[in-house]
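> So you can see what is in the structure, the chains are spelled out below.
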Amino acid sequence: MKILGIDDNTDINELLDTVLNGSGHEFIYVKNGTEGLKFIREKKFDIVLLDLAMPEFSGFDVINSLLKEGLLTKQKIILFTASSVLDSDIEGLIKKGIHSCIRKPVDLDFLLEKLEQLQV
Amino acid sequence: MTSATNSTRSYDQIMNSIVMIVLSTTMVFLVQSLYFGNQTLAASSNANNDCPVFSIKYGCDLSAWFHLIIDGLIAAFLGVFFHHLAHKQGLKLKKIVEEHDAMKKRRREFAIQSLKNHFTTLLFSMSLINKLEPMYASDTKNRDNIKDQINRNYEIVSRVINDIKNVLLFLNDVLEPQTINDVNQLCQTIDQGYVKDENKQLRVIDYTETKNKIKGLCKTFDELHPAVVPIQELFQHTSSNPSSNNHTLKKLNYQDIALYCRRLFKKLDSSK
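Residue numbers (the working numbering), protein chains in the order written: chain A, 1 to 120; chain B, 1 to 272.
Check each hint, because a few of them may be wrong.
Only pairs whose alpha carbons sit at most 25 Å apart, straight line, appear in this in silico DSS-like list of lysine-lysine [claimed, not checked]:
| # | chain 1 | residue 1 | chain 2 | residue 2 |
| --- | --- | --- | --- | --- |
| 1 | A | Lys114 | B | Lys219 |
| 2 | B | Lys131 | A | Lys114 |
| 3 | A | Lys114 | B | Lys213 |
| 4 | A | Lys31 | B | Lys165 |
| 5 | B | Lys131 | A | Lys2 |
| 6 | B | Lys211 | A | Lys114 |
Worth flagging that the hints you see were computed from the coordinates, not collected in a lab.
Turn these sequences into a full structure, and let the hints guide you.
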């Protein structure tokens, strides 16, 4: 699977890079929302792991931009966030076109399992 | 129900204002009376029939009654003026307190979010170490490579523990003491969790225990600090609210605090 990670946390990006590329996926990561948006516009990914809280251009801004451009449903966008977001807000975003939400902290095995399920 | 509460509150506020004005008027009046008491008595002692009580004429002193009225008017004016100042000051203080509370909430959100991010990194690294350890023992060909990866992950774990300690140090005012204790205990457990086995190989003990502790901690976070802020508010930009720049205490949003704390942590790391 072609997976894009948009997260400002370098450690998480690098660890996911090791694990996902090591398990047969193609994983690319960017550290901010602006770059992430550019990647989503230009390339096609199967899954986008999107962090919400990022400086300057947050994941929420990415979602809003994609929504305006009609690109939100172009790929499966999974929120991968540690922010205290209300369940009702997540439901609202899912209705708008977000695929699902994984709340941090999460076990590596759980994440891999979730991605495998999406592959099927 | 809410409107009834609001109307009671505004009625109370009006009553408080009236009481404050009356009290301050009385106070100013009393002070003034002390100052002007002698004059009043002197004026009344020289009462002249050609000078009626409320007349203002050349050669006539102000009567005691007129003094009293003038004193009363000045006292009332000063009373209202002081009340206005106090009210204005009260509003300013209220605004500062509200902004302080809002900033505290955002700092708390940042602290919890940072901790959760660090926990994710910890879980990922420890999980990787646990997966790589058996491979190191069995795969003799790539031993050096695997060893490097293991060491890199150990470095990440120890760095993340330092970062967690930094978060606790700088943001301890917004976290519950119980949370701080629990996180400290977790750090200690992980710190002590590296043991050398019979092959003199470092390994993480009790990954599952650590994982469960982290899960428990996050549950406590959610109970102590439940999500209450709507997503729009959580990720609003300061620039979209220019009026906030006028306040004495600038309204900081999450992004600003995140940037500020990151710079602070970087400075701390570089100073080390």
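> Compare the structure with each hint and give your call.
Results of checking the hints against the structure:
1. Lys114/A <-> Lys219/B: holds, 21 Å
2. Lys131/B <-> Lys114/A: Status holds; Cα separation ~19 Å.
3. Lys114/A <-> Lys213/B: Given that 25 Å is the threshold and the Cα spacing comes to 22 Å, the pair holds.
4. Lys31/A <-> Lys165/B: Roughly 24 Å between the alpha carbons, so the hint for Lys31/A and Lys165/B holds.
5. Lys131/B <-> Lys2/A: Answer holds: Lys131/B to Lys2/A is near 24 Å, not above 25 Å.
6. Lys211/B <-> Lys114/A: holds, 18 Å
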